[in-house]
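Enquirer: Below are the chains, spelled out letter by letter.
2 protein chains.
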Amino acid sequence: MSNQTKIAAIIGGGVIGGGWVARFLLAGWDVNLFDPDPEAPRKVGEVLDHARRSLPALYDVKLPDEGQLTFASSIKEAVSDASWIQESVPERLDIKHWTFAEIQAHCAQDALIGSSTSGFKPSELSSESENKSAIFVAHPFNPVYLVPVVELVGDADTLDRASDILDQILMKPIKVKKEIDAHVADRLLEAVWREALWLVNDDIATTEEIDDIIRYGFGLRWAQMGLFETYRIAGGEAGMAHFIEQFGPCLKWPWTKLMDVPDLTDELVDKIASQSDKQSGKHSIRALEQIRDNNLVAMMRALKTQNWGAGALLNYADKQLKSAIPSNAGEQLETVRRVVPVDWTDYNGHMNEGRYGQVFSDAADFIIEFIGADEDYIKSGLSYFTAETNTNFLQECHAGDEFYVQTGVLLAEGKKLKLLHEMKSADGETLATCTQFLLHVDLNTRKSCPPEAHILKNLEALRSNYAVADEQGEA
Amino acid sequence: MSNQTKIAAIIGGGVIGGGWVARFLLAGWDVNLFDPDPEAPRKVGEVLDHARRSLPALYDVKLPDEGQLTFASSIKEAVSDASWIQESVPERLDIKHWTFAEIQAHCAQDALIGSSTSGFKPSELSSESENKSAIFVAHPFNPVYLVPVVELVGDADTLDRASDILDQILMKPIKVKKEIDAHVADRLLEAVWREALWLVNDDIATTEEIDDIIRYGFGLRWAQMGLFETYRIAGGEAGMAHFIEQFGPCLKWPWTKLMDVPDLTDELVDKIASQSDKQSGKHSIRALEQIRDNNLVAMMRALKTQNWGAGALLNYADKQLKSAIPSNAGEQLETVRRVVPVDWTDYNGHMNEGRYGQVFSDAADFIIEFIGADEDYIKSGLSYFTAETNTNFLQECHAGDEFYVQTGVLLAEGKKLKLLHEMKSADGETLATCTQFLLHVDLNTRKSCPPEAHILKNLEALRSNYAVADEQGEA
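One line per chain: the protein sequences are B and F, in this order. Converting from the first sequence to the working numbering requires adding 1108 to each position, the first position being numbered 1. Converting from the second sequence to the working numbering requires adding 1108 to each position, the first position being numbered 1.
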């Protein structure tokens, strides 16, 4: 592949074509786009804006410099120097045939010609071509610039070459063994869609209820393990064959209107069980359960940061739980109490130092809300920003450990607030300490300014109740 | 509800029953478990271990104190003081009828009696009962202690009361409008399962390939938006009715062996479109796209922390991208270059202070690998831990901003390493600085110790090339 140009030609600049443009450009390839629609530059520009905002954020290192995007005035101009040509024109076979003829009249002999078709088989796409093996299915998923999988169907050697390039542009190619209408994913999606149409048609559930059952339910599982690995766990130590045999009779029950099902012959059961062993047999069921649980916790916590779906449910619960905590009236102000989640640990097996920063940030948030600078106050355009922290890491912390933070006030004067946080294990051992210097700011100017009168009054009360001496003499 | 006891009775302690035990206990309810299997305490104990490890980690505040678990010796003993009774016995109607009779002979008149059945309708479950409306379907999903959704089917008043309690124990009840075999989720799952069996049977794809197409593809979408909201976005501004009419003809194509589909009458199209408007109409398509993208980025980044599925793919890409970065040979050592991802920002609209800690931790990781303390070195039982940091926050940073970190050496002597990190915007403005004091440690004793000879040699070279003066005079 090393002699190939890093030039892709994208034919058709809709949502899918635009997604391909983004994938290649942001991986450092040059892209020639052909689309006769005068609106194409605007439409592709919008997809690119989305992609530039989100794709680089997936990585913890910088992506290569973006390639050059050229709007070609003809298919000929677009494809002549391209090593990958991607067809994303409308789903009509006559249009696709005409497009492939034009592409193959002008492209390099060894250029790869992928089709984004969700339905057609490669034999149908290439039926009028003299170089049939160059044409293959490369079916991506919306949004193409974020969802990694691409279904590949076609000539084996061509797919090997295509896989190499998809790896280079950071996607996940899956080769489908035999061509069928709609490949694999859309077969599964069609099945769900038909069943969902019946459920709406028969007034069993609304679109929203069906969506909620998916995204608060099995959708969470499927983002990290598929159908078979999930059921392998459900089967437990007895194994996959046992699970299928148990599940088997249900297939004949009249649960659905879609009823033509394969016979569960010994041969089919063995095939599934042995494929599942090959796929997942390296992990015990117990290990798979723990992997699944860690994945679910990490993903639901990620959705918390977006306050969406299962994450919004958790944020709501946090508020309810917080309001049930008895008010702080003792000598020490407890500002955080929680356990270390699985996504907070690093390669040393302990809580990463960055997460201590998050804990102390949460402790400060408690104080800020405690003195009355609540959601409404922040909406009014005033808040606190941290200007400096000094953190001492004394003991390690591990996933599942409960800990709490006690916070004292070193300084509370006008726009200045200086806190001393002590993070302690459930049995009172100090794990870390942090002095944190905060400034009250105007969110419009992003400059420091004095707090409103009622905050100042609360600050004074906070200081007189919870003042501590600056023993560290630091920060 | 306030007069109700916070006592649940769980009848049947398998994987599902055990999950219910965990949900109630960890929400602070007392639980009476009845299961005649002598292995039940062990089995439930295992589920509880999993739940205790993972469920509290979902929340950013501590859960209530755990309730008391009692192993009851009879159904009578288990249910007599319970306000929620959950049946999770095997899926045989005769066993379920016997169980409900025994429960209703001994429980309070107003006790809620949920069934975990995945297939039976409430009318079937309660056919032999004299208090039919108390019995309803409360169908949860594995793992019950993490996946929030519960399908409720039954008497409307009973379901209102059941919903309140499921809210209290932090789950997500969805009321199904009419009873049908297998409720909603298992209808959808059955459809996918049948289609997947055909794909394996016909050698189109293996179990692993099907699972990968799900978890690197539409599974990621479904963890945050369901079927209809996802397709609403695909339809674009033209709307849901347009999408269905476009998609409509495909339903008649011979893509699948499961072919009985509802007619797409105007009435059905209108029903779906108006339900979808009610569900998602508050967001524009553009807004939904951005929400979806943010969710996908956050979830895939969460899977990175677990090095699994789409996250493992990203970690692999990070390594490839890193190895393509030209070696650092200039005056300044560049230790991080990246953009701020969407899950790093907080309510002030900027990068949270905790994430600065993560950035400087990443910068230190670069240095540690740079001096030869790589994956193998850490596997051999030696590493560096951070003992103290001092951070000055100078400018704000927002999602999508590119930045880099330059790192100089303040001290490199034996087991001590002190670094000065300067974090700068793409155009060179200093955003934050951090002095970081690290100690070389033995991962077995978790105590500090001198590094191996080759590390010491590399440290010396690092110091002589990249020494900086301690201008802050701090930490």
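Read the hints as simulated data drawn from the structure, not as lab findings. In this text the structure is predicted, and so the values were computed from the model without any measurement. Please note that a few of the clues may not be correct.
[Said to hold, decoys possible] Okay, derived cross-link-like pairs now, DSS-like style, lysine-lysine, Cα gap no bigger than 30 Å in a straight line:
| id | chain 1 | residue 1 | chain 2 | residue 2 |
| --- | --- | --- | --- | --- |
| 1 | F | Lys1280 | B | Lys1430 |
| 2 | B | Lys1487 | F | Lys1390 |
| 3 | B | Lys1430 | B | Lys1532 |
| 4 | B | Lys1390 | F | Lys1151 |
| 5 | F | Lys1523 | B | Lys1532 |
| 6 | B | Lys1487 | F | Lys1379 |
| 7 | F | Lys1526 | B | Lys1526 |
| 8 | B | Lys1229 | B | Lys1285 |
| 9 | F | Lys1523 | F | Lys1487 |
| 10 | B | Lys1390 | B | Lys1379 |
| 11 | B | Lys1170 | F | Lys1430 |
| 12 | B | Lys1487 | F | Lys1170 |
| 13 | B | Lys1386 | F | Lys1151 |
| 14 | B | Lys1151 | F | Lys1526 |
| 15 | F | Lys1283 | B | Lys1430 |
| 16 | F | Lys1390 | F | Lys1487 |
| 17 | F | Lys1565 | F | Lys1523 |
| 18 | F | Lys1427 | B | Lys1280 |
| 19 | F | Lys1526 | F | Lys1487 |
| 20 | F | Lys1430 | F | Lys1283 |
| 21 | B | Lys1430 | B | Lys1386 |
| 22 | B | Lys1170 | F | Lys1390 |
| 23 | F | Lys1379 | F | Lys1280 |
| 24 | B | Lys1170 | F | Lys1280 |
| 25 | B | Lys1170 | B | Lys1151 |
| 26 | B | Lys1280 | F | Lys1390 |
| 27 | B | Lys1283 | B | Lys1430 |
| 28 | F | Lys1240 | F | Lys1280 |
| 29 | F | Lys1532 | B | Lys1523 |
| 30 | B | Lys1555 | B | Lys1523 |
| 31 | F | Lys1390 | F | Lys1427 |
| 32 | F | Lys1240 | B | Lys1532 |
[Claimed, not checked] Over the 10 Å line for every Cβ pair with chain F, so calculated as not near, a few chain B residues:
| id | residue |
| --- | --- |
| 33 | Ala1264 |
| 34 | Ala1418 |
| 35 | Glu1568 |
| 36 | Arg1571 |
Glycine residues also receive a C-beta, built at the ideal position from the N, C-alpha and C atoms.
Enquirer: Run the distance test for lysine 1379 (chain F) versus lysine 1280 (chain F): straight-line Cα separation, threshold 30 Å.
Expert: holds (25 Å)
Enquirer: Given the hinted pair lysine 1555 (chain B) and lysine 1523 (chain B), is their alpha-carbon gap at most 30 Å?
Expert: holds (11 Å)
Enquirer: Take the C-alpha atoms of lysine 1487 (chain B) and lysine 1170 (chain F), compute the straight-line distance between them, and say whether it is at most 30 Å.
Expert: The given pair, whose Cα atoms are some 27 Å apart, holds under the 30 Å limit.
Enquirer: Holds or violated: lysine 1386 (chain B) with lysine 1151 (chain F), Cα cutoff 30 Å?
Expert: holds (27 Å)
Enquirer: Compare the distance between the alpha carbons of lysine 1532 (chain F) and lysine 1523 (chain B) with 30 Å, and conclude whether the hinted pair is satisfied.
Expert: With Cα atoms ~27 Å apart, lysine 1532 (chain F) and lysine 1523 (chain B) stay inside 30 Å; holds.
Enquirer: What's the verdict on lysine 1170 (chain B) and lysine 1390 (chain F), does the C-alpha distance respect the 30 Å limit or exceed it?
Expert: Roughly 35 Å separates the two Cα atoms, so the pair is violated.
Enquirer: Starting from lysine 1430 (chain F), check that the Cα of lysine 1283 (chain F) is at most 30 Å away, please.
Expert: violated (50 Å)
Enquirer: Straight-line Cα separation of lysine 1427 (chain F) and lysine 1280 (chain B) no greater than 30 Å?
Expert: holds (16 Å)
Enquirer: Are the Cα atoms of lysine 1487 (chain B) and lysine 1390 (chain F) separated by 30 Å or less?
Expert: holds (21 Å)
Enquirer: Quickly compare the C-alpha distance for lysine 1526 (chain F) and lysine 1526 (chain B) to 30 Å and report which way the hint goes.
Expert: With Cα atoms ~25 Å apart, lysine 1526 (chain F) and lysine 1526 (chain B) stay inside 30 Å; holds.
Enquirer: Alanine 1264 (chain B) clear of chain F by more than 10 Å, beta carbon to beta carbon?
Expert: About 15 Å separates alanine 1264 (chain B) from the closest Cβ of chain F, which puts it past 10 Å; holds.
Enquirer: Given the hinted pair lysine 1487 (chain B) and lysine 1379 (chain F), is their alpha-carbon gap at most 30 Å?
Expert: Violated: lysine 1487 (chain B) and lysine 1379 (chain F) sit about 38 Å apart, past 30 Å.
Hint compliance for this structure: hints 6, 14, 16, 20, 21, 22, 24, 26, 27, 31, 32, 34 are not met, and every other hint is.
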